[in-house]
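2 protein chains.
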Amino acid sequence: MSDMLNIAIAGLGTVGTGTLQLLDRQDGLLAERALQPLRVVAVADLDTGRDRGVDLGKISCFDDALQMVAETDVDVVVELIGGSEGIAREVCEAAIAKGRHVITANKALLAHHGIEIAAQAEKAGVVLAYEAAVVGSVPIIKALREGLAGNRIARITGILNGTCNYILSAMRATGKEFDEVLAEAQSLGYAEADPSFDVDGVDAAHKLALLTAVAYGCIINFDGIYVEGIRHITARDIACAEELGYRIKLLGTTRRLEQGVEQRVHPCLIPTGAPLSHVEGVLNAVMVEGDFVGPAMFEGAGAGSHPTASAVVADMVDIARGVVIPTFGRPVTELEKMSSVPMKNHSGAYYIRLSVTDKPGVIADISAILRDGKISMESMLQHGRADASLGVVTVVMTTHETQESAMIEALAKIGALPVVEEPPCMIRIEQL
Amino acid sequence: MSDMLNIAIAGLGTVGTGTLQLLDRQDGLLAERALQPLRVVAVADLDTGRDRGVDLGKISCFDDALQMVAETDVDVVVELIGGSEGIAREVCEAAIAKGRHVITANKALLAHHGIEIAAQAEKAGVVLAYEAAVVGSVPIIKALREGLAGNRIARITGILNGTCNYILSAMRATGKEFDEVLAEAQSLGYAEADPSFDVDGVDAAHKLALLTAVAYGCIINFDGIYVEGIRHITARDIACAEELGYRIKLLGTTRRLEQGVEQRVHPCLIPTGAPLSHVEGVLNAVMVEGDFVGPAMFEGAGAGSHPTASAVVADMVDIARGVVIPTFGRPVTELEKMSSVPMKNHSGAYYIRLSVTDKPGVIADISAILRDGKISMESMLQHGRADASLGVVTVVMTTHETQESAMIEALAKIGALPVVEEPPCMIRIEQL
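Protein chains in written order, with my numbering: chain A, 2 to 433; chain B, 2 to 433.
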């Protein structure tokens, strides 16, 4: 390596701009810590002319990121374009093919093609780094690959999407419904105009796929993740959960079980005393359970220009220091192919909300179905006649641990009862 | 390096035994992650004969750690003897002199002699690693030196001592007084027979000294730390704090101010909503504030055989992987000597508890002293006549931000008032 780390950055959006700002502001500090200066020599963006508060004077500007990779001589290419296909992928692969180290914040790309790209990087003898892809403000990838290397990880569960956590926190604080809070989140810039990736759990699933691979040293299996978003969560669910001693959070959870790996993203009721229940607003947090450390929690900003830039730059410092660790903790050829435990085999407790006609015998019918499914009820709340004019009441139940397939079957039967007015709402309870 | 990392362990107490157990149980996993087997070839302890549930059959046993260092050919010496002087230091220095990497969990040793020992290690071209010295379960040293390398750290504040946190949590939960809870903690093994190092804040100060050096790249200054323990905290303080919306925690805090570095360990009132307020029992947590990441929190077990062993082994894996980072983030010769901000210059809010004679004019006298000291009161609670027979009432006040020297001066005057029955109790409020 030369006496300077030469860097090309593809994509000057929020994170790219933050990265330029960080490198500019911490110039001297980084040179000391990295034992050599970090110097951006080229950037690519469709609009490099816009004022970003950073002087691009001495930097070669390209509007074509592939052209930048082809024509510049650098040590590291940073991919901050985004998207699981297309130009982002081409930039990474072209950079690796030219023998450049690659840093990316692109969780979608890695969740879908991380193994192929890591294999290319390994073959080329370069680093593929992605700390910025998962909870930018805390070095969780580094913690899993290095700091907790002495542990077998049993479970990781985390609040991996700030938009969902903001919405659920605001729903709880204000009593408002999902749609209204989403609109507010959009106007505050906490949710995208098209919020699907966030509120439907896809973004959290991308991150979970990477955490799983690093934690267990296994091949990424994005398609093996059960994904469910938060659109169906109502203000009433949040209030009932609180009454029962729980908060509702969108969690990404990966567990290593005897039958394989269970990966799932869905809303959960978690006990109000659990550390994750206190993580509010746009913050993210990851709880790692190792066999020697026990539970360890990492909490901080999950997104945003500066926290993500901090992670990108930490990867640069590692590269400058010559730290080389296999992308997912082991050489790609040694990553295990673990079987995926289907959601129907999931075992846990459940929260069920029903809207039922208010007449005698309804609870008896429901209880009988649960009993026949060998599902044991833990608690029940019946809420007054909010919709008294309709003769409809809300019944909320929690169950003891049961198999998901039994629960689904019972709910289908319950939903088919003439007295049940709406499809039942089911939310899983996560013990923490 | 050979095709195997050969290790000698000095000290087979709780952590040494845990380390042997971990290396034994995760044998294959570690060989993969470290890209070579980690093999203990020698141990030293005054009693290597005791059954520790680990087979020492193929390991050379010594009762003299220095003899072990002198007579064995290893890559790494692990010092788990403890103590800031004597044999622990000699073992580290002898190992370095022989060109061995050194891993230690010894915060007392490093807080007092870390710079000298790091200088020796650097000169010898070996690693001095100490992740286990500060909150074993979370890789906070690694996070500061590597994962957050792009940040200027403004403040670190943490719950660094599990014994104190257990005692304060239990006092809050049960309403019992310090002495009673300490005795219970001792019987549960959460406090030592001689608890001074823990409850007087010394252990937390050792850790804080290391965090400060790594965070700012400065010379360790243990003597510059203001240290105050928790013996004077009463059940009434905890109850009053709760009434005012606070919990009491022993925090270690380091701040980088214009005038220098402020390092302090003392009980604090922290807002009930702050993430650190939810860290209960023997858990530790560290909150790091970087200029790019914002606040990031790391939480987990602070002590114990297995979490600490996990940190020791993570350092072994780093050494096996060839990761070499300067001990305190920069070469020793480049560590800054930062001036220490004395506690009298500290600026913050305060909680004051007074026992006063219950008669007219008392509050007027106290208020006048505060006014003359330009100290602005934020709230006041006067509690009923618990000691009515004595005619004594408890008055609790909180102030707005003020300088510590003004507060101390005012309290001396207040304490001298004839109506004030006991020396005033002052606890600092930490805004988080």
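Worth flagging that the hints you see were computed from the coordinates, not collected in a lab.
Please note: incorrect hints may appear among the correct ones.
Note that the list lumps identical chains together, so a pair holds whenever it fits in one copy or between two copies.
Stated by the list, open to error - Keeping only pairs whose Cα atoms sit at most 20 Å apart, straight-line, the calculated EDC-like set for lysine to aspartate or glutamate is:
hint, residue 1, residue 2
1, 124, 292
2, 177, 422
3, 338, 25
4, 338, 33
5, 124, 33
6, 345, 373
7, 124, 402
8, 177, 335
9, 345, 259
10, 99, 373
11, 360, 422
12, 99, 28
13, 338, 123
14, 124, 65
15, 124, 91
16, 345, 195
17, 414, 281
18, 59, 193
19, 375, 244
20, 345, 359
21, 177, 244
Quick rundown of the hints versus the structure:
1. 124 x 292: neither (33 Å within a copy, 37 Å between copies)
2. 177 x 422: neither (23 Å within a copy, 52 Å between copies)
3. 338 x 25: Neither way: residue 338 and residue 25 sit 43 Å apart in one copy and 25 Å across, limit 20 Å.
4. 338 x 33: So residue 338 and residue 33 pass the 20 Å test across copies only (16 Å; inside, 41 Å).
5. 124 x 33: between (31 Å within a copy, 18 Å between copies)
6. 345 x 373: within (18 Å within a copy, 71 Å between copies)
7. 124 x 402: neither (46 Å within a copy, 59 Å between copies)
8. 177 x 335: Neither: 49 Å inside a chain and 55 Å across chains, both beyond 20 Å.
9. 345 x 259: This pair counts as within: shortest intra-copy Cα distance 16 Å, inter-copy 59 Å.
10. 99 x 373: neither (63 Å within a copy, 72 Å between copies)
11. 360 x 422: Close inside one copy (13 Å), not across copies (67 Å); limit 20 Å.
12. 99 x 28: neither (27 Å within a copy, 37 Å between copies)
13. 338 x 123: within (18 Å within a copy, 42 Å between copies)
14. 124 x 65: Neither way: residue 124 and residue 65 sit 26 Å apart in one copy and 48 Å across, limit 20 Å.
15. 124 x 91: within (17 Å within a copy, 45 Å between copies)
16. 345 x 195: Classified as neither: same-chain Cα gap 30 Å, cross-chain 54 Å, threshold 20 Å.
17. 414 x 281: neither (36 Å within a copy, 44 Å between copies)
18. 59 x 193: Neither: 34 Å inside a chain and 61 Å across chains, both beyond 20 Å.
19. 375 x 244: For residue 375 and residue 244, the Cα distance exceeds 20 Å both inside one copy (26 Å) and across copies (46 Å).
20. 345 x 359: neither (32 Å within a copy, 68 Å between copies)
21. 177 x 244: Close inside one copy (17 Å), not across copies (29 Å); limit 20 Å.
Violated hints, listed in ascending order, are 1, 2, 3, 7, 8, 10, 12, 14, 16, 17, 18, 19 and 20; each of the other numbered hints is respected by the structure.
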